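> Here's the letter readout for the chains.
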Amino acid sequence: MLEIKNLTVNYGAICALHGIFLSVPAGSIVTLIGSNGAGKTTTLKAISGLLRPNSGEILYAGRNIAGLPPHAIVAGGLSHVPEGRMIFANLSVRENLQMGAYLVRDKKAMRQELEFVFATFPRLQERERQIAGTLSGGEQQMLAIGRALMSQPKFLMLDEPSLGLAPLLVKTIFEKIVEINRARGLTILLVEQNANRALEISQFGYVLETGKITLQDNAATLRQNPQVRSAYLGGG
Amino acid sequence: MTEFLQQLINGLAFGSILALIAIGYTMVYGILRFINFAHGDIFMLGAFAGFYLAPKIAALIPLPSIAGTLVVLGISMALCAGLGGLIERLAYRPLRKRPKLTVLITAIGVSLFIEYAGQFFFGAAPKKFPDILPVWQVTRIGGLSLNSNQLVVLGVSLVLLLALRFIVLKTKIGTAMRAVSFNPEAAALMGVNTDHVISFTFALGSALAAAAGILWAINYPSIDPLMGILPGLKAFVAAVLGGIGSLPGAALGGIIIGVTETLVSGYISSTYRDAIAFAVLILILLVKPSGLLGKKEIEKV
Ligand SMILES: Nc1ncnc2c1ncn2[C@@H]1O[C@H](COP(=O)(O)OP(=O)(O)OP(=O)(O)O)[C@@H](O)[C@H]1O
Ligand SMILES: [Mg+2]
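Going down the list, the protein sequences come from chains A and B. Numbering-wise, our numbering comes out as the position in the first sequence, counting from 1, plus 11. Numbering-wise, our numbering comes out as the position in the second sequence, counting from 1, plus 50.
These are computed hints drawn from the structure, not numbers from a lab. A portion of the hints provided could be inaccurate.
DEER-style ranges, computed between Cβ atoms [said to hold, decoys possible]:
id, chain 1, residue 1, chain 2, residue 2, range
1, A, Gly144, B, Ile318, 41 to 47 Å
2, B, Ser198, A, Thr145, 43 to 49 Å
3, B, Leu140, A, Glu126, 32 to 38 Å
4, B, Leu336, A, Ala86, 47 to 53 Å
5, B, Lys147, A, Gly144, 23 to 29 Å
This one's a predicted model, so the numbers in the text were calculated from it and none came from an experiment. Where a beta carbon is used, it is the ideal one built from N, C-alpha and C, also for glycine.
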């Protein structure tokens with residue numbers, strides 16, 4: 012469904028991605044792990060159009076979307092839950108969700124989507140009128156994911172969804188990700204520091220180090236890899 | 051007492067015109083974090099649009115009349131909305147990724163350009179704005195003589211401010227404006243074309259400034275290409291005073307400046323009337339640096 016070929020992204024003179032190759036088959040969950048500053052966020056931002064790649068191809072459903080503006084990419088069914096959630100703190104929970112459905116014209120489809128999001132995250136329904144900036148960290152993450160689902164995506168990218176959450180909530184969020192993947196057949200590209208959990212729910216994994224893919228394998232195999240274990244799984 | 055009420059109404063009318071202009075400054079600041087110094091000149095262009103439109107409209111709808119005034123007002127607003135969007139497109143959009151200072155200097159350049167182009171095309175000498183609104187003296191209430199013009203100014207401003215409030219709080223594009231002003235990247239990820247929202251914001255602010263220009267010209271019918279400078283500056287002060295970025299703040303700031311300036315020049319001295327806005331600004335910023343209704347904001351990276 013997504014096929015990245017030789018993608019290079021520079022920040023001015025600094026090269027953040029040195030020609031990476033990555034592929035996410037339809038219906039699967041693929042995890043991208045890597046230490047701080049490896050280029051994970053840069054990869055996602057290039058895919059969703061927030062960053063302009065310097066070279067390479069990003070084939071989404073067979074079409075090269077590299078360099079398109081973000082709004083055109085969302086319109087194609089690709090949704091990005093950014094690092095740090097980036098919810099609209101000045102809008103209510105409901106308005107945040109409405110913004111997620113900005114390109115959805117069909118009122119009925121939008122209502123159905125809202126129902127799905129509320130069914131997945133009942134907490135959001137309870138807080139519908141609350142100003143999003145006053146939500147707890149976990150609730151904000153639910154809102155960020157819910158908001159991304161409102162655009163009726165076929166492909167979802169999540170940038171460190173478990174960051175800063177208590178262990179119990181981390182577990183919930185990962186369960187929800189699997190649930191969304193199964194219930195909607197949504198293809199997911201997951202970026203995580205919590206490598207063990209992420210690989211547990213994924214079919215395939217990539218390891219990114221200073222802008223280069225250094226390892227790639229089936230998630231289960233990757234979890235057994237001694238290098239990965241010592242670097243990203245804390246020996247566990 | 052009646053004289054005080056009289057002055058108060060004058061002040062409110064003047065203040066609501068400033069409020070209409072101030073909204074444009076604060077909206078653009080809210081979205082792009084820069085002061086559009088050419089905004090006062092849109093106010094002037096609004097008045098001149100009315101000046102040139104009036105004779106054409108008079109051929110269709112007899113003037114002075116309320117219907118005719120509304121048509122002149124509506125068309126001037128629409129023209130200036132288009133112009134505001136165009137200025138954004140041509141002058142500011144190419145500089146989107148440049149330092150704020152570059153954009154600020156460009157805005158001053160645009161302002162000077164409009165003022166000199168105005169002098170070239172309209173002539174530098176003041177012109178008499180036509181009587182488009184029928185004037186009737188509302189019955190004196192206990193010696194208080196209410197000029198109908200001022201009531202119209204108050205009424206039209208109120209309607210426009212309520213309409214703006216509705217657009218910003220209740221419509222899809224308004225929600226998008228608030229989202230973009232909070233975080234343009236996140237808004238883009240929702241599928242918002244941020245350039246469209248920015249253009250819309252300029253158009254909306256310019257329409258209100260044009261309305262202010264017409265209302266001003268109805269009250270003070272001498273118009274010239276530099277007439278936007280001082281009201282523009284005072285409206286900018288009003289926006290800062292109310293808390294730049296805050297819409298209710300801009301409206302409140304406009305009213306405060308309008309009323310204070312009118313009362314002080316009526317009762318104390320009119321020599322320094324143009325300095326009063328700044329005096330009020332300094333006083334309020336000393337007590338509340340972020341402005342009356344402004345939020346403290348960490349400069350974004
Ligand atoms: N706007 C920017 N300007 C310059 N360099 C940047 C910019 N954003 C990121 N970088 C650099 O690019 C590299 C990759 O950053 P990126 O944010 O993609 O890392 P990451 O893998 O997401 O890290 P983390 O796990 O800490 O989020 C880093 O060296 C970072 O310093
Ligand atoms: Mg990151």
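> Can you list which hints this structure breaks, lowest number first?
3
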